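Asks: Below, each chain spelled out in residue letters.
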Amino acid sequence: MSDASLSTLAARLAGKQISSRELAQTYLDRITALNPSINAFITVDAEKTLLEAAAADALIAAGSAGPLTGVPIAHKDIFCTDGWLTTCGSKMLGNFVAPYDAHVIQRFKAAGMPSLGKTNMDEFAMGSSNETSYFGAVKNPWNAAYVPGGSSGGAAACVAARMAPAATGTDTGGSIRQPAALCGITGLKPTYGLVSRYGMIAFASSLDQAGPMAPSAEDCALLLNVMTGFDPSDSTSLDREKEDYTRDLNKPLAGLRVGLPKEFFAEGLNNEVAAAVEAAVNDLKKLGAIPVEISLANSRLAIPVYYVLAPAEASSNLSRFDGVRYGYRAPAYGSLDDMYCKTRAQGFGAEVKRRIMIGAYVLSHGYYDAYYLQAQKIRRLIADDFSEAFKSCDVILGPTTPGTAFKLGEKSDDPVEMYLNDLYTIPANLAGLPGMSLPCGFDGKGLPIGLQLVGNYFSEAKMLNVAHQYQRATDWHSRQPEGLK
Amino acid sequence: MSLTQDDVKRIARLARIETSDAEARATQAQLNSIFDLIATMQAVDTRGIAPMAHAQEVTQRLRDDAVTETDRHAAFQAIAPAVENGLYLVPKVIE
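Top to bottom, those sequences are chains C and S. Following the working numbering, the numbering of the first sequence begins with 16 at its first residue and continues without gaps. Following the working numbering, the numbering of the second sequence begins with 3 at its first residue and continues without gaps.
Isolated chain C, as found in the complex (with noise of 0.2 Å):
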């Protein structure tokens, strides 16, 4: 069962061959078993979630299912869940059941997709290795002294087991494609408005963006399906028409051509990661893909402009978390000024802390031109750079990650260090194009590698088409850790 596609376990639940109550229970079954080793899950409520397969039950009886009714999801942390703890990794969040579901959430449960629980994430979605959660680092299930990524690292850790079929996470700056790459599964971050953020608790404003994270590509056409569409609470959310992100799965890739930016296969890149990526691409040559090479000059620049714009952002956005409306609240404080000094001194970890004060400190007096706006500046040359590469490429293909995944605490002292993580990711992000990894190969470890592909905007259903026809000729997205089954 845990091998099923997200197609498969809908036709089953379909054809009454299996109900969501006991396919759910099947999926809580591995979660009791695997989740004290690894870790992916803050929350999982039994009870709660064989509620919602029930509910799901009688859609799918009384004929009014929709294409994944019954399938269950995990769903990360950062999203608002009516009734459900919802953490975002923090101490700040700890005690916080939110009073209302987000877009995202709104979108699965309409679906009568039961819950699975709430991932395990890097809090606040601040970091690369799912080490700064207050609730605990997770483990990558393909070998547990080995990070899964992050910041969805719960999300990429619990499908990679399959202790979940899919689940949702967010990317900011590589959040889902990181730890897919990892955790050896497929993720895509949407282009920048497709999907809601109403209830996603904010990090960078200007770059967050929720996306689904699951075995496949097809299973992530179809979660997109669910995922996407316009939603008046969130203000950057694009008013378009409703796309099937499965319409081009089964297109013949002939003549498609295949960007390589040269950036991408400099210094730096791990050489088992540039074979497997370099064999993908003659694997996609073979089904008639056509490799250019492109330049993108200024990606070099993505990681300080980075850090510097998602932190001004993050310093905006996590000012809201004083102790007075939700969340923590210090236990002894003096004056008003005292208390929110306590509470935020107390309630965030170190990592959220060291990013709130880069962005008070880059949008104090003095600095903002020096600072933000060079960097908004720069934001704009990064995303010239694609727009130029798309005139000669339909897709941009490259390594999601510079290496596969490191030691749980290698990094964890070095925040610069672990930035460099995320060098392929975050220019996607600043442009607000789509972005996808996908399983590639393996390293001499047993550790997964990841292969990025970056689409123009609005084009996923052309990355999910590119990523389907890969992986109907490749077994990489199949495998599954040794040992869990």
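Think of the hints as simulated: they come from the structure by calculation, not from any bench. Some hints here could point you the wrong way.
As the list claims (entries may be wrong) - Computed list of lysine-lysine pairs in DSS-like fashion (alpha-carbon distance at most 25 Å, straight line):
hint, chain 1, residue 1, chain 2, residue 2
1, S, K94, C, K357
2, C, K106, C, K63
3, C, K106, S, K11
4, C, K357, S, K11
5, C, K266, C, K300
6, C, K406, C, K301
7, C, K300, C, K106
8, C, K300, C, K406
9, C, K426, C, K477
Bear in mind the structure is a predicted one, so any value in this text is a computation, not a measurement.
Please arrange chain S on chain C, whose structure you already have, making use of the hints.
Replies: Positioned in the frame of chain C, the structure of chain S alone reads:
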């Protein structure tokens, strides 16, 4: 550029995060290494480049001036640290 320990304390104050001298010392080195990384963008000539605030060129939508929200103050205040008579309680600010 290099931040002093006093700079770190001032930034922490701006961010309303209580920081001891020992924490400020530890943070100082990390912030300085991050600002060294950020400094690499300072050399780029960006004269004449329009800043990009956002990926999509969208403007704020307007809606009819009509009440669309229901009163949910009880649900929202049920999760607050301290509430009395429908009011959020904080330390006194005016004597």
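Asks: Give a verdict on every hint.
Replies: Status of each hint after checking the structure:
1. As the CA atoms of K94 (chain S) and K357 (chain C) are separated by approximately 16 Å, the hinted pair is consistent with the 25 Å bound.
2. Taking the CA atoms of K106 (chain C) and K63 (chain C), the gap is about 24 Å. The hint holds against a cut of 25 Å.
3. Distance restraint check for K106 (chain C) and K11 (chain S): the Cα-Cα separation of roughly 23 Å lies within the 25 Å cut-off, and the hinted pair is therefore satisfied.
4. Of the pairs offered as hints, the one joining K357 (chain C) and K11 (chain S) holds, with about 14 Å between alpha carbons and a cut-off of 25 Å not exceeded.
5. A C-alpha spacing of about 15 Å is found between K266 (chain C) and K300 (chain C), which places the hinted pair at or below 25 Å, so the restraint holds.
6. A distance of roughly 23 Å separates the Cα atoms of K406 (chain C) and K301 (chain C); the hinted pair therefore holds under the 25 Å criterion.
7. Distance check on the hinted pair: K300 (chain C) and K106 (chain C) sit about 49 Å apart at the alpha-carbon level, beyond 25 Å; violated.
8. The straight-line distance between the Cα atoms of K300 (chain C) and K406 (chain C) is roughly 20 Å, inside the 25 Å bound, and the hint therefore holds.
9. With a C-alpha separation of about 36 Å, the suggested pair K426 (chain C) and K477 (chain C) falls outside the 25 Å cut-off, and the hint is violated.
Violated hints, listed in ascending order, are 7 and 9; each of the other numbered hints is respected by the structure.
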